[in-house]
Structure formats: C-alpha cells, structure tokens
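The listed protein sequences correspond, in order, to chains A and B.
Just so we're aligned, residue 138 is where the first sequence starts under our numbering, counting upward by one.
Just so we're aligned, residue 61 is where the second sequence starts under our numbering, counting upward by one.
Please keep in mind that the hints were generated in silico from the structure rather than gathered at the bench.
Some clues are possibly wrong.
[Claimed, not checked] Heads up, simulated DSBU-like pairs for lysine-lysine below, C-alpha to C-alpha not over 35 Å straight-line:
#1 K449/A - K124/B
#2 K421/A - K112/B
#3 K334/A - K314/A
#4 K156/B - K112/B
#5 K449/A - K112/B
[What the hints assert, rightly or not] Facing chain B, from chain A, some residues (calculated, C-beta under 8 Å):
#6 R188
#7 Q192
#8 R266
#9 T278
#10 D326
[What the hints assert, rightly or not] Simulated coverage check for chain A against chain B, where a stretch passes if three residues somewhere in it have a Cβ under 8 Å from a Cβ of chain B:
#11 256 to 265
#12 281 to 288
Glycine included, C-beta positions come from ideal geometry on N, C-alpha and C.
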Amino acid sequence: MARTIIPFGPQHPVLPEPLHVKLVVEDEIVQEAIPALGYVHRGLEKLAEIRDYHQMIQIVERVCGICSNIHSMCYCQGIEEIMGVEVPDRAKYLRTIWSELHRMHSHLLWLGLFADAFGFEALFMQFWRIRERIMDINEATTGSRVITSVNVVGGVRQDLTPEMCSWILSEVNTAEKEIKGLQNTILNDYTVCTRTKGVGVLTKEQAYDLGAAGPTLRGSGVASDMRLLKYAAFDKIDFEPVVENDGDCYARSTVRFRETLQSAELVRQALAGLPQGEIATKVKGNPEGEVITRVEQPRGECLYYIKGNGSKYLDRVRIRTPTFANIPPLLAMLPHCELADVPVIILSIDPCISCTER
Amino acid sequence: MLNMTPTVLKNLLSKSSTRMYPVEKREPFDRYRGELFNNIDDCIFCKKCQIKCPSQCITVTKDKDSGTGTWVCDPFACVYCSICVDHCPTNSLYMKPVHRAPSAEREMIEQVGKVKPPKKKAK
Ligand code: SF4
Ligand code: SF4
Numbered sequence: 138m139a140r141t142i143i144p145f146g147p148q149h150p151v152l153p154e155p156l157h158v159k160l161v162v163e164d165e166i167v168q169e170a171i172p173a174l175g176y177v178h179r180g181l182e183k184l185a186e187i188r189d190y191h192q193m194i195q196i197v198e199r200v201c202g203i204c205s206n207i208h209s210m211c212y213c214q215g216i217e218e219i220m221g222v223e224v225p226d227r228a229k230y231l232r233t234i235w236s237e238l239h240r241m242h243s244h245l246l247w248l249g250l251f252a253d254a255f256g257f258e259a260l261f262m263q264f265w266r267i268r269e270r271i272m273d274i275n276e277a278t279t280g281s282r283v284i285t286s287v288n289v290v291g292g293v294r295q296d297l298t299p300e301m302c303s304w305i306l307s308e309v310n311t312a313e314k315e316i317k318g319l320q321n322t323i324l325n326d327y328t329v330c331t332r333t334k335g336v337g338v339l340t341k342e343q344a345y346d347l348g349a350a351g352p353t354l355r356g357s358g359v360a361s362d363m364r365l366l367k368y369a370a371f372d373k374i375d376f377e378p379v380v381e382n383d384g385d386c387y388a389r390s391t392v393r394f395r396e397t398l399q400s401a402e403l404v405r406q407a408l409a410g411l412p413q414g415e416i417a418t419k420v421k422g423n424p425e426g427e428v429i430t431r432v433e434q435p436r437g438e439c440l441y442y443i444k445g446n447g448s449k450y451l452d453r454v455r456i457r458t459p460t461f462a463n464i465p466p467l468l469a470m471l472p473h474c475e476l477a478d479v480p481v482i483i484l485s486i487d488p489c490i491s492c493t494e495r
Numbered sequence: 061m062l063n064m065t066p067t068v069l070k071n072l073l074s075k076s077s078t079r080m081y082p083v084e085k086r087e088p089f090d091r092y093r094g095e096l097f098n099n100i101d102d103c104i105f106c107k108k109c110q111i112k113c114p115s116q117c118i119t120v121t122k123d124k125d126s127g128t129g130t131w132v133c134d135p136f137a138c139v140y141c142s143i144c145v146d147h148c149p150t151n152s153l154y155m156k157p158v159h160r161a162p163s164a165e166r167e168m169i170e171q172v173g174k175v176k177p178p179k180k181k182a183k
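Looking at chain A on its own, in the form it has when it is part of the complex (with noise of 0.2 Å):
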C-alpha cells in the first residue's frame, strides 16, 4: 500500500498550542509518527541571568498559563531548600489550597477541551461553565484569574479572611456537585465510550519505561504521585493517587475525571486545617548552592533544578515539564491507530507545549 506523510499542525482547531507531529499513514492507520518541536521556545531559563532570584517567580510563573501559581511554588520551594527558609504552615496550607485550585480548573478545562475533540460541544460548555466557579475564586482571592503570583520566597503574599474560607467552601461544593451531574455523560456516554475505550493504549511497562508522568502514568496503573513527598502541606493531609488500568484514552479521562473530585476534597481538608499564624517569613541573603525540587502538577511530575552562586543572579535555572516527559509516550501510543483517533490521542496526555519549550 502507498505510504502517505500527513503533516498535523503546528495550528490544529483541537489543539490550541503549536505541536507539529508528522503520521507516516497506511490505510488510514498510522504507522508512524514523527514529531517536531521548537515553534515557541521563548528562552525564559536563559532570563536567570539578568533578572534577580525574586524576579524570576514572576517569570517561572508564565512558563505555562494554567499550572502558572504550582510552578512558582515549585520554584519557591527549591530556592527556600537552598537558602534554608523556614516557611510558616499557614503559608504551605495556602499554597496548598491554591495549587489544588489550579489543578481542579486545569482538568476542567481539558475535560472540556476532551468534550471537544470528538465533537460534544454541550458537555464542553458544561465542563468550562463550572471551571467558572474556580477562576472567580481565583480572582477573588488571589487579584488575578490565572497568573496568580502569590508565591513568595519564604511565604505567600495573600491571606485568606474567614468569609472567603466560608465562600470558597460553598463554592467548590456547589462545583463539586455540578462535577459530579455531568460523571453519567463523561464517564457511562456511548459517544464518548466508543470515541475512547482501547484507544490509544499504553501498557504498565511502557508507561514505566518511556518515563510517562501524571494521570498518562496513573491511567496506566502506576500509582505514582509527586504529592506523596509531602511538599507543602500534603503531609498533614489525607491523601492517596488516583489510579486506573486499562491505559487508554478512557482511562486517563476518568484519572483526570476523579482528580477534579479529589482536589475539591483536599480543598475542603486544607481549609478545614488552615492554621492561624504568620503568611510569610523574611528572607536575607542570596540563594548559594545546588537544589532538584519535584512537584505534581495537573500534567504530572515537574522538575526543577536551581543553581545560585551567593549572588542575586542565580547560575542556572533548569526546568523540565510533565509534557516533555509524556512525548515518548505519546509517539508509543500513536502507531497502528486510525487517524481520526489521533487528536483524540493527543489531547489525552493533555500536551502543553508552551510549557515543553519555555
């Protein structure tokens, strides 16, 4: 049979960022996928060397617009480990609460992005009228939607008063509830179970050994979850990954699907313990030494690696993402599918390009 080369993207209506994937097809069935990156590198790494060490939270936070405020905190945290910070506990139960806000947005978000790709306009609507709720909790508490910067070496620059506790509560059960309406039809719909079971399988090895991170790695049954090495508060809450079987496309969704559920419930349990007490503690000196620091995002595992020299420039800021590690993954999952699968394929590790190339 004639091999055919079909370019899709770097701009394709499912995928708002700039992936470029090269499927060699047979038949309609893809034997081959080749992909090609690089079409928004914007050297933020390379901005260390002229913008000081408090700066560069503002610049780590705009790696990447959806998990903007857990970058920073991951950043915070490296340079606190450096410098040897004590950060308060009412600071980490506030970064905690915030990051489990933006991982809830960020999987409704693709849960509605998912919606989408395979043409449910209706549910996506659904999805992003509830991811509603949490952007005005964002804005309320934090005075913007997305890039929230609240993280500060040493602390947070915000508090919570009791009243916005009591909202953010009803809030997030109110969105908690609207979730759990619409599980029927993401989860038991024959469109979207015809459009996703046996989709896209990545086995439990593959998953292990090409390295895949987050719910690509949860939906393949590996119970793997940055937020067991208890950053932040994660240690004085209940907590336990979120794990399915089957690795297809069906399976990552409800991994995402029952996350959105878990992060409402360590909202309520980080509110429920805030702890009263200092937000943030004061910081002298320069960052001098090595750190790796690793956190969860709603992707998966992010890892950065910091290096300061006991001036305000650090040497080396080093960031790699949950995308980067999922590509692997994604060209083993490509192969001997049908190519009106692959955008559905490809949303499923929830790419973020932008975030791969900094």
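Given the structure of chain A, go ahead and fit chain B with the ligands onto it with the hints provided.
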C-alpha cells in the same frame, strides 16, 4: 445514550449563565489587580519600584536643576503583578480593580512631580 438530556433541558429552562457583557458588567473583586496608578504627590522618587519590577517597565528619573522627578511606566510591558505596589515605601502606588481601557496607540504613563527637599537632620 441520552445521558446529557436532563442537563440540556435544565439549561433550556433556567436563566442564562452568561452576561450581556458590555452592557452588563460584573462588580470587580476588591483584590483584582487592574490598572496601575501613581499618586505623584506622595512619590519620593526613590526608584524602589524600578528596581523591583520583574518586567522592568518603570523608569524613575530625577532632575536636580528643576527640582522635578518623572515616573514613567510602560503599560504594555507591565504584567500586573503588583510587586511595585508591595514595595513602595510611601504607598503612593496603587491599583484600581478595573481593566485598563483600550487605546488605539501605544502610550506611556508619564507623571511629573516635585522632588521634596530631604528632611534636615535635627542637630
Ligand atoms: S517606590 Fe513609590 S515612592 Fe519610590 S519611586 Fe516608586 S512610586 Fe515613587
Ligand atoms: S505591576 Fe508588576 S510589572 Fe507592572 S509595573 Fe508593577 S512591578 Fe512592574
């Protein structure tokens, strides 16, 4: 099949979840970081905001001869992080919880004020 039907029917019968935006606006949240202003009479031109700003969009200059200082901000480079507001020693910088109005051309926020004479040390 038909899992979505109850939701769709409920949406048909309930009121719309969107607003008629330009006509009907939501009240801004108190903490919203919107447009940046400088209350120039309180500004002492200490350059703290210029040093701390992550996007380096503020320029503060002092002119000794005429005794005036200029505070310039490039609103197109500003990322609305409010770091400058946190660090201003005289609280002359503040943010209004409203969006910046659209403008047809690129313009700088430029404010000129008098430099206060330094307080004499009591002997
Ligand atoms: S930090 Fe405040 S007082 Fe100092 S130059 Fe800036 S606006 Fe003026
Ligand atoms: S809000 Fe942020 S980016 Fe804008 S002028 Fe202030 S410090 Fe600079």
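Evaluation of the provided hints:
A hinted pair counts as satisfied when its Cα atoms are at most 35 Å apart, and K449/A with K124/B qualifies at roughly 31 Å. A threshold of 35 Å between alpha carbons decides the hint, and for K421/A with K112/B the separation of about 15 Å falls inside it, so the pair holds. For the proposed pair K334/A and K314/A, the alpha carbon gap of about 26 Å is at most 35 Å, so the pair holds. A hinted pair counts as satisfied when its Cα atoms are at most 35 Å apart, and K156/B with K112/B qualifies at roughly 20 Å.
Proximity of K449/A to K112/B is assessed by CA-CA distance (about 12 Å); at most 35 Å being required, the pair is judged to hold. Interface restraint check for R188/A: the shortest CB-CB distance to chain B comes to about 6 Å, inside 8 Å, so the restraint holds. Residue-level restraint check for Q192/A holds (minimum Cβ-Cβ distance to chain B is 4 Å; threshold 8 Å). Of the supplied interface hints, the one on R266/A holds, with its beta-carbon coming within about 5 Å of a beta-carbon of chain B, less than 8 Å.
The criterion of a C-beta within 8 Å of any C-beta in chain B is met by T278/A, whose closest approach is roughly 7 Å, and the hint holds. Given hint, D326/A at the interface with chain B, holds; its Cβ is 5 Å from that chain's nearest Cβ, closer than 8 Å. Counting residues of the region 256 to 265 of chain A whose CB lies closer than 8 Å to any CB of chain B gives 3, which reaches the minimum of 3, so the coverage claim holds. Evaluation of the coverage hint for the region 281 to 288 of chain A: fulfilled, as 3 residues show C-beta separations to chain B shorter than 8 Å, against a requirement of three.
The structure fails none of the hints (numbered hints given earlier).
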